[in-house]
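Work out the full structure: start from the sequences and follow the hints.
In case it helps, numbering that gives the first Met the number 0 puts the sequence shown at residues 0 to 340.
These aren't lab readings, by the way, just hints derived from the structure by calculation. Treat the hints with caution; some may be incorrect.
Stated by the list, open to error - The calculated lysine to aspartate or glutamate pairs, modelled on EDC-like cross-linking and capped at a C-alpha distance of 20 angstroms, are: (1) Lys111 - Asp197; (2) Lys184 - Glu196; (3) Lys184 - Asp197; (4) Lys137 - Glu82; (5) Lys146 - Asp240.
What the hints assert, rightly or not - For each label pair, taking beta carbons as the anchor points, the in silico distance ranges come out as: (6) Arg280 - Gly147: 22 to 30 angstroms; (7) Ile21 - Gly147: 33 to 41 angstroms; (8) Ser209 - Leu130: 25 to 33 angstroms.
Think of the CB as a built atom: it goes at the ideal place given N, C-alpha and C, for glycine as much as any other residue.
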Amino acid sequence: MSQAKHFFEKHRKLAVLIGIGILIILPQLTRSNYIRGVLARIIVYATLASGLNIINGYSGQSCLGIVGFTCIGAYSGAILTTELGLPFLASLLITLLLCAAAGFVVSLPTLKLNGMFLSIITLGFSEMMRLTALNWQKLTNGPLGIKGIPNVELFGWKVKSGAPFYYLALVALLLVVFILNRLLKSRVGRAWIAIREDQDAARSLGVKVSHYRCVNFMTGAIICGTMGVFIAYYYRYVSPDMFSLDEGFNVLSMCVVGGSGTLFGPIAGAFVINLLTEGFRFASEWRMVMYAVLIITMMWVRPQGLFGAKDSVIAGQMSFWNFFAKKNKKKEDGDVNHIGG
Numbered sequence: 000m001s002q003a004k005h006f007f008e009k010h011r012k013l014a015v016l017i018g019i020g021i022l023i024i025l026p027q028l029t030r031s032n033y034i035r036g037v038l039a040r041i042i043v044y045a046t047l048a049s050g051l052n053i054i055n056g057y058s059g060q061s062c063l064g065i066v067g068f069t070c071i072g073a074y075s076g077a078i079l080t081t082e083l084g085l086p087f088l089a090s091l092l093i094t095l096l097l098c099a100a101a102g103f104v105v106s107l108p109t110l111k112l113n114g115m116f117l118s119i120i121t122l123g124f125s126e127m128m129r130l131t132a133l134n135w136q137k138l139t140n141g142p143l144g145i146k147g148i149p150n151v152e153l154f155g156w157k158v159k160s161g162a163p164f165y166y167l168a169l170v171a172l173l174l175v176v177f178i179l180n181r182l183l184k185s186r187v188g189r190a191w192i193a194i195r196e197d198q199d200a201a202r203s204l205g206v207k208v209s210h211y212r213c214v215n216f217m218t219g220a221i222i223c224g225t226m227g228v229f230i231a232y233y234y235r236y237v238s239p240d241m242f243s244l245d246e247g248f249n250v251l252s253m254c255v256v257g258g259s260g261t262l263f264g265p266i267a268g269a270f271v272i273n274l275l276t277e278g279f280r281f282a283s284e285w286r287m288v289m290y291a292v293l294i295i296t297m298m299w300v301r302p303q304g305l306f307g308a309k310d311s312v313i314a315g316q317m318s319f320w321n322f323f324a325k326k327n328k329k330k331e332d333g334d335v336n337h338i339g340g
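This is the structure in structure tokens:
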């Protein structure tokens, strides 16, 4: 792991190009539409996890209700397409604006909250969106959901499921990663990281904490809402049970496994989690036990994730090894003081 990470840091551009090349040829390695569909879903979830990571990993906020924005995006795309007959790009643009507005509204009551309190508010928002989709039957068709969503059509080209949809989702993922990379190197990204490391210190240096936290939340909401549209077109159907709290924790686990606060961690986490759940599908309910064991093991052995740094804030706060090390150190210091006394 350390050698691979050293190679990646030394030859970053080459490693990125190799990774993009692998992603491009993946669907061509199989003729199975099922496997291609799984790969397309992984790319969509990788982008979703990147949207959550920009909130949790780069500004230090604790958002557990990211699927609330995905729900808004999916239902907006589905309604605009089936009821108003708008094309894919038009519904995508309108949904982007709606999710930006939703992200702004949700961020307002959370600007003075952190930790558990922020998590509870975002969870409540996510569940409120799901219940709205469930009960507003005139608009969302209630528990029956919205069916008959057409295939994506771009400039006269129909993007069907399988490899074509995979490449469309891949373009979206690469575009999101590129924008986030540029954003994180800007003044905005540096402000987010400063807030994550020490909010009070950032404020004392003139960083407008409330402003940048709001922008951060809106950015994550836009990405996840946009992927909601992709989910609607991928399944060609949306229903409230697609946006449960379990789905939110599923996306969160991808960030944890891959490494929060890194650009490529959520992508790696999406591949690991989805391949694990698909690979152990034969085990029925037991595959979720294996999924839970993976999360626990990762938090124990490598809390910073596959791509995270050992000295990251997340690793320092969550490492069980550090906990026991500090406990033993306190015991040793107590013994020394006792002898000295």
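A quick look at each hint next to the structure:
1. A distance of roughly 14 angstroms separates the Cα atoms of lysine 111 and aspartate 197; the hinted pair therefore holds under the 20 angstroms criterion.
2. Distance restraint check for lysine 184 and glutamate 196: the Cα-Cα separation of roughly 16 angstroms lies within the 20 angstroms cut-off, and the hinted pair is therefore satisfied.
3. Proximity of lysine 184 to aspartate 197 is assessed by CA-CA distance (about 19 angstroms); at most 20 angstroms being required, the pair is judged to hold.
4. Restraint check for lysine 137 and glutamate 82: satisfied, since their Cα atoms lie roughly 12 angstroms apart, inside the 20 angstroms limit.
5. With a C-alpha separation of about 14 angstroms, the suggested pairing of lysine 146 with aspartate 240 holds against the 20 angstroms cut-off.
6. Between arginine 280 and glycine 147 the Cβ separation comes to about 28 angstroms, which falls inside the hinted range of 22 to 30 angstroms.
7. For the pair isoleucine 21 and glycine 147, the supplied restraint of 33 to 41 angstroms holds, since their beta-carbon distance comes to about 35 angstroms.
8. A beta carbon spacing of about 29 angstroms between serine 209 and leucine 130 agrees with the range 25 to 33 angstroms that was offered as a hint.
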